[in-house]
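Protein chains in written order, with our numbering: chain A, 1 to 276; chain B, 1001 to 1337.
Simulated from the structure, these hints should not be mistaken for lab results. Since the structure is predicted, the reported quantities are computational estimates derived from the model, not experimental observations. Some hints could be false.
Stated by the list, open to error - Incomplete in silico selection of chain A near chain B, CB under 8 Å:
#	residue
1	Val98
2	Glu103
3	Leu126
A virtual CB, placed ideally from N, CA and C, is assigned to each residue, including glycine.
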Amino acid sequence: MATESTEPAETRNDASAALWATELRVHYPNAPAPALDSVSMTVPRGSFYAVLGPNGSGKSTLLRALLGMVPHQAGQTQVFGRPMSDWNRRALAQEAGVVTQSESVAFPITVRELVAMGRYPYLGALQSETPTDKEAISEAMQMCDVDNLAQRYLSTLSGGEVQRTRVARALAQEPNVLLLDEPTASLDVRHEMEILELLRASAAAGMTVFLITHHLDLAARFADRLLLLDRGRVAAEGEPEEVLREETLKRVYEWPISVSNDPATGVPRVTPLSRH
Amino acid sequence: MKPITWAAVLGLAVVLVFLLSILVGEADLTPGQVFAALLGEGDINDRRIVVGLRAPRAVMAILVGGGLSLSGAVFQALLRNPLAEPYILGISGGAATGAVLALTLGLAASLSWALPAAAFAGALVAIFLVLRVAATADDRVDVRVLLLAGVVVGAFFTACMAFVLSISDARTVRSAVLWMMGSLVGSDWRTVWMVTLYSIPAVIALVGLARPLNLLAIGEETAGYLGADVERVKRMAYVLASLLTAAGVAATGVIGFVGLIVPHSIRLLVGADYRVLLPLAFLAGAVFLMLADIAARTVLPPTEVPIGVITAFVGVPLFLLLLRRSVGAGAGTGVGA
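Build the full structure now, drawing on both the sequences and the hints.
Shown next, in the form of structure tokens:
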């Protein structure tokens, strides 16, 4: 990972940050514009951090770049105060669990087998599961309410059950930070709320949560801090009330939007209006 | 049945089919004569047949059948395609070109080791070319490019081989065609040792990669986030499985379908955990090829049917059955949001 040392004086790393980036720039080969440009952000330890933005604004690229899955051309990243060059994949997988947007399995696989893959970074090449591993797996399955599906094949599950299984696999890694890319995109209200409440409980227990989502209202309710991306740049960053402003959202989403205070939840409510 | 039970059953089957394999043959030997010969007693000619011909042939079937089946399973994980097989990346084309050159230039007639050596060299050239083409600028291996590169390199070598054959005499063409259909005839202890030397380290190393191969089956990005060094695993798996295939092709010619249907069937029996699948696929491939060889020797005496014909006759219907089955079950592979 070729990173240049161009750290500006005003953005020093906060040693208590779980994820940190400064002046991050990612430009995919042959792309007309960079996917991320001058992105600086800090995800404090134990916080619930939500990343918002229109399609193609660089949310998923940010996740990948933070964990060194795509190379960056400028800027720096750190995970728990250490740059990516200090991490190997195995050590990183013990600290950071990821639920990507989607995955497809090549062969039939059961729920238990998929969740057990979360123990990969803890096991030797031919070592079998220790009692600690078994406990982590069953605990993760209970937390995500998939323990009753253990022997079911993934192909027989509903979309919500598959997502809960994937979250369970990330939890089985016993990570200190959990990164999720639109985990509730295809879920109904109940399943979505179940996952979000699980994430909130995990954050309350000290885990850092980094959630990419399109649901502005829910992000405002669950997250401590929001990051709004617009075409690879930071449009706004801060507490929900600071980020979810009418003018900002109208500009970023290119759509008339009204923001009011929701008396039921006490957080901003975002309502898209019609164009005319 | 539990995996350990399957291992015991297949292990026992290897031993029993091995014994059957050395009991059956053109020369009419009684079981008593065969066992006496095995123990180094009895008639010198019996010993020559049993220890010098039948035993190395059966051991070769174990090595090549097990190796093809194991490398087929590895290619299926690597290419994330349950219908991949060991020859899919052009190894058979490279090996066949090498073999045909050795036959045409008359090297094979004068030197017994020239044909397997030339076939192995041809396979290595194909492996090298495919890997070079599939390596991207930032030194990653794109498995989709790997697949296309393999198919194209294979097609190129097939053209080379066809060209060489077109300027060869009829006898050479016949030898080449027979070689391409595969045969365990002429397996002697020396070739057995050479194949052992190449295969066994590759088999052990590939079984050691079982856990990261499991992760590859759910996708490279996720595998990376779960702690696997994806690029290293892909490269090692490709090179080792290719060497294993190349050793088999060099010794016995192109024997199809073993690497496709055996791992596929084992997956249906025990699931897709490669820690279990790889060793069982090796054992089952060994049994399958020994049985195919027995059939090749006994269905049409005194003629030997090429073993590749037998494996295709068994493999094609079985493959179609598995294909129908997986279509019926919806293949069960597309999940995620």
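Status of each hint after checking the structure:
no., hint, verdict
1, Val98, "holds, 4 Å"
2, Glu103, "holds, 5 Å"
3, Leu126, "holds, 7 Å"
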